[in-house]
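Take the sequences, apply the hints, and build the full model.
Residue numbers for the sequence shown follow my numbering, beginning at 1 and rising by one.
Hints should not be assumed to be uniformly reliable.
Within a straight-line C-alpha distance of at most 25 Å, the following computed PhoX-like cross-link-like pairs (lysine-lysine) qualify [unchecked claim]:
(1) Lys145 - Lys134
(2) Lys574 - Lys645
(3) Lys170 - Lys145
(4) Lys524 - Lys492
If you're looking for bench data, these hints aren't it; they were derived computationally from the structure.
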Amino acid sequence: MPDFVFGGVRAMPKPLMTPLDQIPVPAPKADEIYRTRVIGQSFSFIGLKALLGAAGFHTSGDQVAGLAADDEVSREAARAILSDLTLQHIYDHPLTNDHGEIDDIMRVNYDIDLTIFDDMAMMTVGELKDWIQKASGAQIKRAGKGLTGVMISAVTKLMSVHDMVYNTRKIECPTQARTHLGLAGSLSTRIQPNHPTDDLNAITALTWMGLSMGNGDLLIGLNPADDTVDNIGACLIHLDKIRRQTGAPTQVCVLSHIRTQLACLEEGAPLEILFQSLAGTDATLREAFDVSVPYLDKAWQTMKEKGVLNKHQFMYFETGQGSEVSYGKHCGIDMSTTEALTYGLCRRYDPCMVNSVTGFIGPETHKDSLQIIYANLQDLFMGKMMGLPMGVSPCFTLHADASSEGQEIAVELLTVAGANYFMDIYMGVDRMLAYADTSGHDDQTIREIHNLKPSPEFYHWALEKGIFKESRDGQITRDPNWGNPAIFADSKQAWNDLISRVPMCYGTSNAGPRMANHVNRKLKQNIAVARVAAKSKLRFDELEEIDFRLIRSQANNIERHHADPDAGAHLCEKTRSHLQSENRDIQILITDGLSAEAVHQNINELLPVLEDGLQSHGYSLGQTMVAPHGRVKLAEDIARTVNAKLVIVLLGERPGADGKSSRSLSGYLIYRLEDEQTQKLAADFSNIVEIEFENTVVPNIYYGGIPPMEAGSLLAERAMQILDNKAAGNRLNAILGSRMGLSDIIRESKVEPQKTASTIRVHDFLGQKSISEADVMMLIHWGVKEILLSQRTIISPLAGDLLKQEGIKLRYNDALI
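In structure tokens form, the structure reads like this:
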């Protein structure tokens, strides 16, 4: 077939958001049987879903869900068939949900440029792959506008590691908020200053540490431990205060549920970037993440009208292969295809940043470093081909067969492939979410190896602060203030007081861009201890002080428990046959989850306080249950079986990266919507017609987070709020609203930042056809250090002389226009 060439006329931009009912999608068709022969063997696959799943790289998640090929020969047979399918064939066969319907996410994926698609429709998937290998980045990105997520997933399944790295690095996807992101030669970072109790002093210390290492130009983004309006509002105010006080040109975000963020916006909180986790099936999006496409549409419109940075791109999404499989809502679609469908949803909102966190869930989706690395590269290519500003978190959990060595290999490959950004989690271990990700040391190492700079606005700020310096040959290097967060403090003692609040801090000494060896050794020792906790088992003789009954899930050993989330979510038949309706208000369930040590370290102090608090207010309790190898959703099976209104699950969380946090327990409060009126209110709120349960969580219960006795009291309070209001989760938060006068606190916190010439470091001339001497005189007055312009911009001779004389740098980037 001849090389595929696009027409020379630039397509007119389509409306940003087509109404769902106006997106044309072909009617669902009956499954076809796809057949082939490979060296004398016959193979057949029933339906496009089965073919896509069988063609995918082997992963534990697809295997457990029954979506993967039986063996390597079957996989290659599926890839041969897939190679010969036309894009038109894939277009004509939209994937459906478990009811045979086209869900909203599949529909959104068909919101493509049909002019571009029509030019490509008769290409086979194999021909598309070959064309991509030859095409420029701009051509690939333009082609992506005419393709659905399923088509892009299909071609990615045919690619090797080198194919993905080579093709991805050609594509540039720049965006703009307060800073210009994704420019050629740049690598951005998000500071993630998480703390198990949202301690604002510790958050300050971690943010200052990240800024001092030249990180945070993408975002200062906090994952909160407590998703209430009051807490999220307080955290937004605090991060905004840090940004203004340090003068760092960046943006801030608190990654709570989108409903909570919008409630804070209504109260007047400084909401700059709106965040939400997304999934690739509507069932997962609605039932697991409590959000829908229509709600996201309204949220985008609200931010466009009221958000702080509403003149720029302001949406931030996190995705990652496996959530659909983990929640059992994959609808028969494999993990990489649902991930591509998620990117089709992201594309609808023209986001400022998208981050894939494949590896975050654990071995039930990706069991080892190889599976994670390959999936990371898939995500980066698929997202960038769909025009998304992709960051990647090559993360892992301590109960997976993955390691920091595998992570560092992934970071190198992803950098070469052109990832827009990485995370900065101090020392690479998250203090609240209990997983491992890239650190500020990793980010600086990568910058120096590949000579990559942060966004230009942030880079010049860091030069002024003495964090970076630039050598005569243009290489980025560390200046004396790199890694010295005390530059932001009033005194050295003030900094020492702040850093003392940070858990899992084993020292602040550095050796070049890396941790000093003695610091790294302490970190690795604690990680080793935490890995042991992930394999620990309940010791029933140590629970003799508790009046409990032993029950069992369908996960009869720890290996099945880690690999198959569904097994730990259901009672075994023997246990079910011994239980009956008990009609209690509350049933308490204790399970090891992913750390039996967490149960043994906390339960004897927590449980008496919880039981006394509930019984003193007249609530009836069933006899406490203990279940080895249980998941949170086991509570739903128990609630139905014993007819409890509320099940409180005390579950050992996956171990964090030190001795203390490996003992972290969480309390999940699973509320059963028992009466028709309550169920209707919940259905109206969530847009899930058959919703049966709502849940609230109290995480990080351990000495280092919420002490167990305090947690017992807090859980009792939460349980009473749930039963009094007949609501849990986001609906309960909406009912309770702000209880501490958030709007007054916001009003008192607002201090206008000083506007001086030094705050303007980069000026954007991309939309301007020419630059005159007067323009340059204005830049000199403002103290501008760098300008962004197009190769087509005409610079007058006098303007050129002045730019050279003042040392103002020129950065050409036509990918922005």
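Evaluation of the provided hints:
1. Lys145 - Lys134: Holds: lysine 145 and lysine 134 sit about 18 Å apart, inside 25 Å.
2. Lys574 - Lys645: Satisfied, since the Cα-Cα distance of roughly 23 Å is no more than 25 Å.
3. Lys170 - Lys145: Holds, at roughly 16 Å.
4. Lys524 - Lys492: 28 Å, violated
In this structure, only the earlier hint numbered 4 is contradicted, and the remaining ones agree with it.
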